[in-house]
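Colleague: The lines below spell out each chain.
Protein chains: 2
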Amino acid sequence: MEKSIGIVGAGVAGLHLGLYLLEHGIKATIITDKTPEQVRDGRLPNSVSHHHVTLARESRLGVCHWPVEEWGYQIHRHYFGLPDPLAFPGRFSAPSRAVDYRIYLPRLMDDFEARGGTIYYRQIDRDEIPALGEHFDLVVVGAGRGAFSEMFPVRPEYSPFDRPQRILCVGLYTGVRPDEPESVTFSVSPGHGELIHIPMYSFSGRVDVLLLENIPGGDIEEMAHLRYDDDRRLFLDTLLAKLERHHPTIYDRIDTARFDLQDPKDLLQGGLVPGIRHSAAEIGDGAMAIAVGDAHATVDPILGQGANIASHSAWVLGEEIVKADAFDRAFVERVDHRRMDRVLGAQRWTNMMLAPPSPERGALIAAMSQNPALADEFTENFNYPERQWARLSSPESIQAWIAEKS
Amino acid sequence: MEKSIGIVGAGVAGLHLGLYLLEHGIKATIITDKTPEQVRDGRLPNSVSHHHVTLARESRLGVCHWPVEEWGYQIHRHYFGLPDPLAFPGRFSAPSRAVDYRIYLPRLMDDFEARGGTIYYRQIDRDEIPALGEHFDLVVVGAGRGAFSEMFPVRPEYSPFDRPQRILCVGLYTGVRPDEPESVTFSVSPGHGELIHIPMYSFSGRVDVLLLENIPGGDIEEMAHLRYDDDRRLFLDTLLAKLERHHPTIYDRIDTARFDLQDPKDLLQGGLVPGIRHSAAEIGDGAMAIAVGDAHATVDPILGQGANIASHSAWVLGEEIVKADAFDRAFVERVDHRRMDRVLGAQRWTNMMLAPPSPERGALIAAMSQNPALADEFTENFNYPERQWARLSSPESIQAWIAEKS
Chain C
1 MEKSIGIVGA
11 GVAGLHLGLY
21 LLEHGIKATI
31 ITDKTPEQVR
41 DGRLPNSVSH
51 HHVTLARESR
61 LGVCHWPVEE
71 WGYQIHRHYF
81 GLPDPLAFPG
91 RFSAPSRAVD
101 YRIYLPRLMD
111 DFEARGGTIY
121 YRQIDRDEIP
131 ALGEHFDLVV
141 VGAGRGAFSE
151 MFPVRPEYSP
161 FDRPQRILCV
171 GLYTGVRPDE
181 PESVTFSVSP
191 GHGELIHIPM
201 YSFSGRVDVL
211 LLENIPGGDI
221 EEMAHLRYDD
231 DRRLFLDTLL
241 AKLERHHPTI
251 YDRIDTARFD
261 LQDPKDLLQG
271 GLVPGIRHSA
281 AEIGDGAMAI
291 AVGDAHATVD
301 PILGQGANIA
311 SHSAWVLGEE
321 IVKADAFDRA
331 FVERVDHRRM
341 DRVLGAQRWT
351 NMMLAPPSPE
361 RGALIAAMSQ
371 NPALADEFTE
381 NFNYPERQWA
391 RLSSPESIQA
401 WIAEKS
Chain Z
1 MEKSIGIVGA
11 GVAGLHLGLY
21 LLEHGIKATI
31 ITDKTPEQVR
41 DGRLPNSVSH
51 HHVTLARESR
61 LGVCHWPVEE
71 WGYQIHRHYF
81 GLPDPLAFPG
91 RFSAPSRAVD
101 YRIYLPRLMD
111 DFEARGGTIY
121 YRQIDRDEIP
131 ALGEHFDLVV
141 VGAGRGAFSE
151 MFPVRPEYSP
161 FDRPQRILCV
171 GLYTGVRPDE
181 PESVTFSVSP
191 GHGELIHIPM
201 YSFSGRVDVL
211 LLENIPGGDI
221 EEMAHLRYDD
231 DRRLFLDTLL
241 AKLERHHPTI
251 YDRIDTARFD
261 LQDPKDLLQG
271 GLVPGIRHSA
281 AEIGDGAMAI
291 AVGDAHATVD
301 PILGQGANIA
311 SHSAWVLGEE
321 IVKADAFDRA
331 FVERVDHRRM
341 DRVLGAQRWT
351 NMMLAPPSPE
361 RGALIAAMSQ
371 NPALADEFTE
381 NFNYPERQWA
391 RLSSPESIQA
401 WIAEKS
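Sequence order for the protein chains is C and Z.
Residues in the first sequence are numbered from 1 upward in steps of one, following our numbering.
Residues in the second sequence are numbered from 1 upward in steps of one, following our numbering.
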């Protein structure tokens, strides 16, 4: 069977899938509304780190252009701003790595075209999807959280929230002293939110992601509304004051005189509603569209799972496309059967971390601060969210995990 | 974690699970309402053949007491009573084997007790399940299609029927000449139903299962209502006349003078409603009950999938019990994640075979009659119903399968 796959969207899911298909001799066409230059010149789209399972996929695809030896990190530092602060590290078995997606995605678009993939640069509306169904054996929708949402309705059983649980303010900064060795920090200010610091490779080389995950109504939410472009100094001074008060281990690494955004475009503010959508839609004449990435599962970025599960889902989808005789409901079900444990694990674990901590989670944090094996497994499981969820799914499972490791 | 598992029911699922747990050092207790003697002396409970994936599990458990060299068969013969009859064989890669469950189950109950398992012989009502939840870490319900049905409601999305699609009449007979080599026959009388003939090991040695799957309102339905005990000769003569008219390849093998049930108890008549039920129920205080076997998925016996998927589900459940830290909702979801492709594949494929044939199914039958590779894959897939369903799930997938093999 000669197969020709149409992919709407050139995010990590669309590109990993497209490259996978080309590697397997399957015709792949990407339709996206932004050229590589427009992506490169655009505003910060997100803050993403790839864990080693994702980097392994990049290596298999021959697109691991940013070696972890130079750009990777292998440690998560945890800081809990309790009356008696808790701080402890967790170690990965292999490095993770963050590259600015305005560098990453255009480079993979170039790879895709250089290997014979076709990219059409145009906006696609919902109404045009059936026409794509006539041109392609399968239409993959890996674009946007909005435009195609009516095609793939939210599954309420997996989507507990109707509003954002954190109001985000994420930027790429200079003037933060690197940790030695490089690490990511999760800093928690109870009642106010989290700060995730990530060392990232961007246009000026190494920069510092500060991802503020602010609890609505808390003391830091303001940072999601202050406009840098209106008053740069007010924005930076307010941010510095919040960091000093709530996230001291990061504040201590800041050279306040040099501290600034890498560029005024390097700031993203707002909120998203986490949720999982139906996987597939019939688009007329028996043709199917299948959702992948954010179009399928939107995850709060607090744990950085979105891009990693999008890449995983794309890979599974690619494998099933290679094997498939027909792109029918059963095909979609096979894809879901293989991806949903990881997608659901990431979603549920993330949603758990957005909720106020239970006594068992408190006990786990205390145990991890004393027990490196436990903290290391917690960290390594950023690669395997389904394993993390098996550990965290109930008070009993958390207690059993602590008992097993002590 | 010391684990103690309570299993309600001593069918193939309960026993395979119980034996698996004992092998892995986990305490297993079976509660069932019939002693081995009562099972042995009872009416025919079903007609079951184990395919090689199930036999492999038996070997791993050390309970493969009926060697396939003596009792196995490796061929399915197909007969379609069309104006121009079609007949063709399909071959398994390894033998299947049918043993009367009134011999099979008591022997495995003996094995279970000999290896340290405990069996309590008593009727359990729905009301007593919560008390079991206090005694065991997990309660497995593998009994009955009725008693616990309210605990595990039907899932309508997987249960398309509200009444039996076939009215069954299954018996163990003597006086049928064995095929050389031994084989199973699927004989189809369009509009009236199917006859499945299976060579089985029973109390008198080799007997012949005749499983009549009668379409309601068709010419053979009568056989599901005639009472052998009321008028043995009328029953047999009517059956012989139906076989002669509808299932000639089996009729031709019958020595009418010797033809009879092995024993008056060896007859089962009636119908069942296929369906899949919710997997788990909370039984108070956070304790869980999980359904397996018929309590979870009731499949029409036309393809003989019920026992094989029950054994598969029991095995998956056993593996997950060994790994589990806690028996919570996430545990059940992991079990389902691993078993549902096979369970759903068996259910959907079976339900498809109960429906009037589509043009594509007709084309597949015609193609199989000409193409042994296709017929062999169809036959081998009795071991892997999820693969069969991937082949049969849509007109396009059937066409692609035929094209691939021609």
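Mixed in with the good hints there might be a few duds.
One copy or two, either will do: identical chains are not told apart, so a pair holds if it fits within one copy or between any two.
As the list claims (entries may be wrong) - Calculated pairs, DSS-like style, for lysine-lysine (alpha carbon to alpha carbon, straight line, at most 27 Å):
(1) K27 with K265
(2) K3 with K405
(3) K265 with K323
(4) K405 with K265
(5) K265 with K3
(6) K34 with K405
(7) K27 with K405
(8) K405 with K323
Think of the hints as simulated: they come from the structure by calculation, not from any bench.
No experiment lies behind these values; they were computed from the predicted model shown.
Colleague: Each hint: holds or not?
Modeller: Against the structure, the hints:
1. K27 with K265: neither (36 Å within a copy, 62 Å between copies)
2. K3 with K405: between (49 Å within a copy, 18 Å between copies)
3. K265 with K323: neither (43 Å within a copy, 49 Å between copies)
4. K405 with K265: Cα proximity of K405 and K265: none, with 45 Å in one copy and 57 Å across.
5. K265 with K3: Result: close neither inside a copy nor across copies, 40 Å intra and 56 Å inter.
6. K34 with K405: neither (49 Å within a copy, 43 Å between copies)
7. K27 with K405: between (49 Å within a copy, 23 Å between copies)
8. K405 with K323: Between copies, since 15 Å is at most 27 Å while 41 Å is not.
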